[in-house]
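A.B. asks: Which chain is which? The protein sequence lines are A and B, in order. First residue of the first sequence? That's 1 in the working numbering, and the numbers climb one at a time after it. First residue of the second sequence? That's 185 in the working numbering, and the numbers climb one at a time after it.
If you are wondering where the hints come from, they were derived from the structure by calculation, not from laboratory data. Some hints here could point you the wrong way.
Stated by the list, open to error - Straight-line C-alpha distance at most 25 Å; calculated DSS-like pairs for lysine-lysine:
#1 B:295 with A:35
#2 A:173 with A:154
#3 B:286 with A:34
#4 A:5 with A:100
#5 A:27 with A:6
#6 A:27 with A:100
Listed here are the chains, written in short residue letters.
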Amino acid sequence: MSVQKKIIREALRVQLTANIPGLVAQKSRHRALKKGDFPAVIVYTPKDTVDQETQNSAPRELLRNLTIRVEILTNQGNDGGEIEDALDDLCQSVENALGKDDSIGGSASDAMYEDTETDVLDDGETLIGLSIMTFTAQYYSVLQGDDSDLDDLKEIHTTWNLGAAQAPAEQAKDILTGLNTPEE
Amino acid sequence: MAEHIERMDRQVLSHLNSGEVISYRSSVLVSVVLSEVAETHPIFDATHEFVGAGESGYSSIGPALFCKLADLTSDPEEDYEQARVFVNGTEYQIRDSEPDGKGGVTLRLHKIV
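This is chain A alone, in the form it adopts within the complex (with noise of 0.2 Å):
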């Protein structure tokens, strides 16, 4: 089974270049970009941070904020005016395909934009200008194996005491039974 993270990084990358003509999705960050991979999409996630107070549900599903940055570069301008401009209507362009489905095709609950930064290169054939957007896309993973020194559990007796006032023969009792389904 892929790690969620993975598959959310994979699922942006098709929701951008579906949703984004031309753009180029880069597969590593490791690897220097060429010439003929501009206007170029990097992904990547730095970051993936537990909310504590799941960390006390049983089984234990814990919620996961995950930072996703989204690296735009493009070589189109000949002056910084004409860089920034491009790279504000990519920038927006991504915030579109986000917002078209911010589950990045249901891996994830939920993704909010965070913030952007944009730079403007010099070195090298042309310009080159660089955008990073930040968001953050939430996920529950649930632990394997977390629970694998409990019995299983087969039945609930229950008793009910309205207003915590009635005789033990008044008490409604219940018994709830078959809980021990197989997991699909």
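Given the coordinates of chain A, assemble chain B onto it according to the supplied hints.
C.D. replies: Using the frame of chain A, we list chain B on its own:
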């Protein structure tokens, strides 16, 4: 001393010809074909240059032209925004000019997109 270096530059440049057709056009559209100047041939270079852009960086080239200031139709120090260099038909703008103080100048170029 500067005069000797300039003479030596001219001698070296007169023997160097990498075959490109190189011209320079000033902001007032006065052009000169530098590669046809009898005594000096400009030197065009475009070696690899790595650009540290984002996480991955960009494997690019750094186009540059060395020529004599006197051969140009404007001073690239002042005319860098509008002047253009053409190399085999490719148009470049000047991103930086580096005069050597001895009559030569290296023009760092950006390709027009």
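A.B. asks: List in ascending order the numbers of the hints, as given earlier, that are violated by the structure.
C.D. replies: 3
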